[in-house]
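Visitor: Everything in the sequence shown is counted per UniProt numbering, starting at 1 for the first residue and increasing by one.
Since the hints were derived computationally from the structure, they do not count as laboratory data. We treat Cβ as the ideally placed atom computed from N, Cα and C, and that holds for glycine. There's no promise every hint is true.
What the hints assert, rightly or not - The following label-pair restraints were derived from C-beta to C-beta distances:
1. 1117 with 780: 48 to 58 Å
2. 9 with 138: 26 to 36 Å
3. 864 with 903: 38 to 48 Å
4. 993 with 816: 48 to 58 Å
5. 336 with 726: 33 to 43 Å
6. 336 with 382: 36 to 46 Å
Stated by the list, open to error - 27 Å max Cα-Cα, derived DSSO-like pairs, lysine-lysine:
7. 806 with 644
8. 304 with 346
9. 130 with 118
10. 730 with 675
11. 129 with 304
12. 876 with 730
13. 929 with 859
14. 850 with 876
15. 129 with 118
16. 675 with 511
17. 703 with 327
18. 327 with 346
19. 528 with 413
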Amino acid sequence: MYVIGIKSQKVRQALLKEEDPTLETAEKLILAAERLEQDVRHFSHPSKANDCSVDRIQNQPSDRTHRIHHSFRKSHGSKQYNHQGQHARSKSLSTDTDRTFNPCETCGSNKHMRSSCKFRDYICNYCTKKGHLEKVCRRKQTEQLSTKHITSVAKLNTSNSNTSTSRSFDSSSMLGLDVNGSFITFEIDTGSSHTLISKSDWLRIHSPALSSSTLRLKCYSDTYLTITGECSVSVTYENQVYRLNLIVVQDAHPPLLGLQWIRSLQLDLNRLIHQTVPDTHTHMVHSPELDNILQKYRHVLNHKLGHCTKMKAHIELRPNVSPKFYKPRPLPFAYLDRIKEEITRKVTAGILERVDSSLWAAPIVPVQKPNGAIRICGDFKVTINPHTIVDQHPIPSIDELLSRLRHGQHFTKLDLSDAYLQVELDDSSKDLVVINTPLGLYKYNRMPFGISGAPAIFQRLIDQIILDIPHCIAYLDDLLITGPTEAAHLHTLDQVLKKLADYGFTCNPAKCVFFQDSVSYLGFRIDKHGKTPDPTRVDAITRMPPPKNVKELEAFVGKINYYRQFISNFSAKCKVFNLLRKKNARWNWTMECQTAFTNLLDEISTATTLVHFDDQLPIILATDASDYGIGAVIMHRYPNGLEKPIAFASKTLTDVETKYSQIEKEGLSIIFGVKKFHQYLAGRSFELVTDHRPLLSIFNPAKGIPTTTANRLQRWALFLMGYTYVIHFKPTAHHANADALSRLPLQDDHSFVDTDSLHVNFLHHEHSEAWLLTPSIIANATSNDPILKRVKQFIQSSWPSSFSKKRNPELVPYFTNRFSLSMMNDCIMKQNQVVIPSQLQQQVLRLMHKDHLGIIKMKQVAREYCWWPSINLDLKRLTQSCDLCRRFQALPKPQFHPWDEPQENWSRIHIDFAGPFWNSKWLIIVDAKSKYPFVIDMQHDTTASHLIQALEQVFDFVGPPATLVSDNGPPFTSFQMSQFYEKYGISHITTAPYHPASNGLAERFVRSFKDGMSKQQHSGCSNKSLALRNVLRSYRWSPHTSTNSSPANLFFQHSIRTAFDVMKPVSSDNSSSCEPKFSTGQLVWTFTYQHNRRSQWNTAIVVKPLGSMLYHVRLSNGNICKRHQNQLRPYYSSANVPPTSSLISDLALPASQTTSLPPDRSPSSTSHYPQRIRHPPDRYSPS
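Hey, can you work out the whole structure from these sequences and the hints?
Guide: Right, here's the structure in full:
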C-alpha cells in the first residue's frame, strides 16, 4: 500500500514493518505509534509533556498553489518536510534547563545575544549582505509572503517484493502524452498544481510561443526555479484533443504532470498506478486491442535478459591462427570483492561459466559504475578481434528500408535490451571468448560486447526473425513497425512480438514507443507523408551563439573558413570580422556584425546540409573539446578529396564535466560524437579524427587498453570496441570545423547523458526461394524501367551520334553496345542475352546463386543468358557478401601436370569415396572427358561387393569404361575388384600412395560435392536425396571452367533445357525452309483405309496443310481426316471424267453437312462386302 502525507518517521517505520497492512490494521498501528511517541516524550521531559507544537498558517494574497515534485527538490538539496521546525523544537527541548534569550537577528539562536554571535561577520547567501545568515534574512522572509510551502507526495513501498503493493511508484507514475505532435513522458504528481517541463523538452515540442509568468516556484531547499515562461499547447490523450497551459523552467528536470492537467484530462490514477502493464509502455495511443497485445506479450516487454533458443552464434577465425593467452592484469585490491560479486552474478545468470584451462584468454578491464558496482569486460582487441573473419554484410539504404513502410500511418519502435547477451554462442566459439580474472578462467556462454563479429551475427538473426513480416524493418537493435491501417499495424506488432517470443528475445520497455505519428530514424523524421531531414542535424549551426570575445570570433572564422568553398564572396562577407580581429582593435559587436554572423550561419547550414548520407562513401567523424563545450561533425570524403558534412552536433559541458581533465574532455567529445551519430556509424568502418595525440594510443582499436588509464577513459574505450574505425591525429589548425563547434556550443543537449552503450549490428539479409522469370514478366518490367524505356526508344528509332558521360552516364554502356542490341517480343536482347531491368536484377542474381555457384560459373551462365551493365561487379559483390560461400571458400587451386585428354566420353573415369558426410559415405564417379559426375549413396557399406553393385548400376546406364583411376583404398584394390576389372576389360590405374592430387578430378569434385551439400544443409534442406539432386543438377547443367560447356551437354551431345532457357523469348516465326507439296483447295487422290476390305484411292480436296508433310483433307462423304504426303497423289483430269471444277464443287460440302473424323481413323464405305467384278451367269438356253 502507499502511505501519503505521514510526517512522523516513527509511524512510517511502524507501517513498513507490516506486509501489506489493511486500513484497519494501519489505523491501529498509527494509534499505537502515536501513544508510544507521547510516552517517550513524557518520560524524557516531564515538564514539557503537555507542550504541543503549533504550525503557523500564513494567509497569502494569491490563490495559486505551487507544489513542486520531489524530483525538482532533489536537484536543489532535498530536505525532510518541516525538517527545520522539528530540528528547532528538538534543540529547544534538549536545552530546556539553559538560559534563553530573544532570537538572535544574526543566526536565529536563543542561546546568546546578538553582540556575542560568532556569525556577525558572515555574508548572507540570499541577499549577499554582511551581518546575518540566510535563514534569518528579512528580505527572504518578505519574499516568502508571496509563495506557499506545500508538501510533496511521499511514497512508501512494502518490504515484500512479491506483493502487488511493492511495485515501484516511480515506474507506475509515468505517463506518455502527445504534446504538439511529440511524445513527452511525464511524472504524475498530485501534489503539484501546475504542469512543468524543462527548456530542452520545450524545444522538442517545437518551441511554442512563450508569455511571461507571474508565478514563483520554490523548492524545499529554499531555492527558486527559473521560469522561462508559460505557453499553450495541444495535448492528445485517448483520441481527445485538449488545449492546456504549460510552465517552462530553465532547470534540467523530468517533465512534471500536475493537478490542473490531471483534472482536465480526467486521468484514472488507479488504473495508471495499478495497471498490469508498466506505464513505460504508455508512449502510445491507448486502445483495447493494443492493451491486449501488450498484456499478451508482457513476458517480452520486460527488463529481464532474454535467451535466444533458435540459433547459436558462431565466431569464425582465419586459418592457421595461433591462440593468444594473456595473464590477468593487476587490479586494485578495492575492486576484488566487487569483481567477485559481478562474476558470481553473471555465472548465476548463465552468462559466464568456469573453466579449468583454455588456449585463448583475454584480460579483463573492470569499470566502476556510478552506483559503485563493477562492470567487467574482456579486452578482445588483443586476442580474437584481429583474426576474426567479419562478414561484410551489405547495409541497405534509407530509401530501401523505407520502401517497406509505404502507406504507414503510425509507427512503433521496439528496442531489444542487452541485445548481444541474449544470443548464445556455440561450443566452439565459447572456447574463444575466455577471460582471465584473478578468480580464474571463465568463458562466455552468451555473445559478449566487444567482439568484432558480433554485429553481423546479430543482424543476420534479426533479419531472419522479420523476414516474412510486412511493414517491419530492423536497423541494428531497433525495430520499426507500421501499417496502412490500425488493424494492420496491430497485426504486424502481434507478429513481431510473437516472433520475438518464439526466439526468446525480450525488449527494453523504457525505450519502446507505440503508435506514434512520427519517429526519428537514420537521421530523418519519418511520418505518414514520408521522410524529411531531421532539423536537429543543423541545430549546432543555426543555434550557435554569437562570439563574446576575439577568441570565440577566431574560432567562428576558422570554422567558416573550413567551408569557404561552399560560400560565394567569402572574403567580402567576413570583412566586418577581420576589423575586429586586428591587433589592438576595440571589441564592439555591432548590429552589422550580428547581421553578417546570422547570414553566414544561414549560408553554412544551407550549403553544407545538402549532403545526404551515402553508405558507399568514406565516413569521417571529427570531434574536439574546449574548456566549456564539445563539438562533433560527421562528413563524407569524396573521390576528389573534398569533405562535406552530413550533420553537426555540439554541447555545453555541465558543471561536473568542466572539471574533467583535458584528455577526458577530448575523450568525452569522441563518445558524444559516436553516440550522437550512432545510426550512421554502427556497422560501418569510419575514420575518427582528433587533435589530441594521447588518445591515439588509448582508443587505438589495434592495441590493448592500458591498465593505468583513468576509469572513465577505460569505460569509453570499452564502448568504442563495438565499432570499426581507425583513429587519426589532425593538428588544431586544420581542425577548425569541430573546433568552432566546441568553442561556440549549444546551451544544452540532454539526449546525450542518458545513453550508455548501444550495440552495433549489420543490416538486412534477405533470402527467398527463386522463381522462374518468363519473357512477359521481363517485358513488363522493361516497359516500367525509365532507363530501358529510353534504350527501347533508341533501338526502335535511332541512336544519337554521341552521349555525354556527365549528363547521361547511365546510358553510356548501352550506347557502347548499341550495335548488339535488338528487340524481341518487347524484350531487349544483347545478341542472345536478355537485358534484365533493374527491378529484376536481384531476382536473377538470386536465381544464379541459388545453389551457391562460384563467380566464374555464374559469369559463364550470365554470358549465355542475361546481361546488364554492372552484372560482373554485382556477381562479384554477391559472391563476396554471401556468408555460405565465404564460409566454404577454398584455397586457390594448386598447379599440377594434367592427365592426357581422352578422345571419347566415358573412356576414362575417376572414382573416390567422400565422407562420412550427412550420415553416409558417397561413391564419386567423374568422366574425364565431359566432367559428368555420378554420386551414389553407399550408406556405411564400402565393401568390394557393395562397390561392384553400385558400378553395375552405372554401367547399365552408360556401359563400362576403358580405364578406371582410383587411389589405393582396400575396396578398389581387392581381389574381388580385380576380377570385376578383368570381367569388363577395364584397365585399373592407382595413384601414388599419400598423393591424392594424382586423382585430382575426383578429389576436386569431392570438395565441390561437400561444399554444395553443406550449403544445402545450411540453407534449410533436411532431405539428403533432394539435396543430392540439387547439387548434381547444378553441377551437371552449369558450364565447367575447363571445358566452357556444361558436363551434361558434352556427355549427351545435346543441350539441357534449364530454367534460364525459359527466360529467353522464342521467335514467333515458324516458317520452314521446306514448302508443302500440296496447296489449300487442291484436288488430290487420297488412300482410304477400310475395315475388312481392300484399301483404295478416292478423290479428296486439301483443306489446309498442317506442316510440310501433313494435311487435312475432305473426303467425298464430307469427312475430314489427316493424311501424310505419302498417302496423297495429285489428281489429273481427263476427258472421261467430269471437269475438275465440278468435282471440287461436289467435294466442297457445307460445314454443316460434314463430319470430322478422328485423325487416326479413315471413313468406311457404306457397303459391308468386298467389291468384285461380277459376270452374269452363262445359262443354258436351248436353241
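Visitor: Keeping to a limit of 27 Å between CA atoms, is the pair of residue 806 and residue 644 held or broken?
Guide: holds, 21 Å
Visitor: Keeping to a limit of 27 Å between CA atoms, is the pair of residue 528 and residue 413 held or broken?
Guide: holds, 15 Å
Visitor: Using the C-beta atoms of residue 864 and residue 903, is the stated range 38 to 48 Å upheld?
Guide: violated, 27 Å
Visitor: Check whether the Cα positions of residue 129 and residue 118 lie no farther apart than 27 Å.
Guide: Since the Cα atoms of residue 129 and residue 118 sit roughly 16 Å apart, the hinted pair holds (cutoff 27 Å).
Visitor: Holds or violated: residue 327 and residue 346, Cα atoms, limit 27 Å.
Guide: holds, 21 Å
Visitor: I want to verify a distance hint. Is the separation of the beta carbons of residue 993 and residue 816 within 48 to 58 Å?
Guide: holds, 56 Å
Visitor: Against the 27 Å threshold, does the CA-CA distance of residue 129 and residue 304 hold or violate the hint?
Guide: violated, 56 Å
Visitor: Would the pair residue 929 and residue 859 pass a check requiring their Cα atoms to be no farther apart than 27 Å?
Guide: Roughly 23 Å separates the two Cα atoms, so the pair holds.
Visitor: Is residue 304 within 27 Å of residue 346, Cα to Cα?
Guide: The given pair, whose Cα atoms are some 13 Å apart, holds under the 27 Å limit.
Visitor: Go ahead and decide if the range 36 to 46 Å is satisfied by the Cβ distance of residue 336 to residue 382.
Guide: Since the Cβ atoms of residue 336 and residue 382 sit about 22 Å apart, the hinted range of 36 to 46 Å is violated.
Visitor: Would the hint linking residue 675 and residue 511 be met if the CA-CA limit is 27 Å?
Guide: Holds - the C-alpha atoms of residue 511 and residue 675 are around 16 Å apart, at most 27 Å.
Visitor: Please work out if residue 850 and residue 876 have their alpha carbons no farther apart than 27 Å.
Guide: holds, 15 Å
In terms of the numbered hints stated before, the structure departs from hints 3, 6, 11 and 12, listed from lowest to highest.
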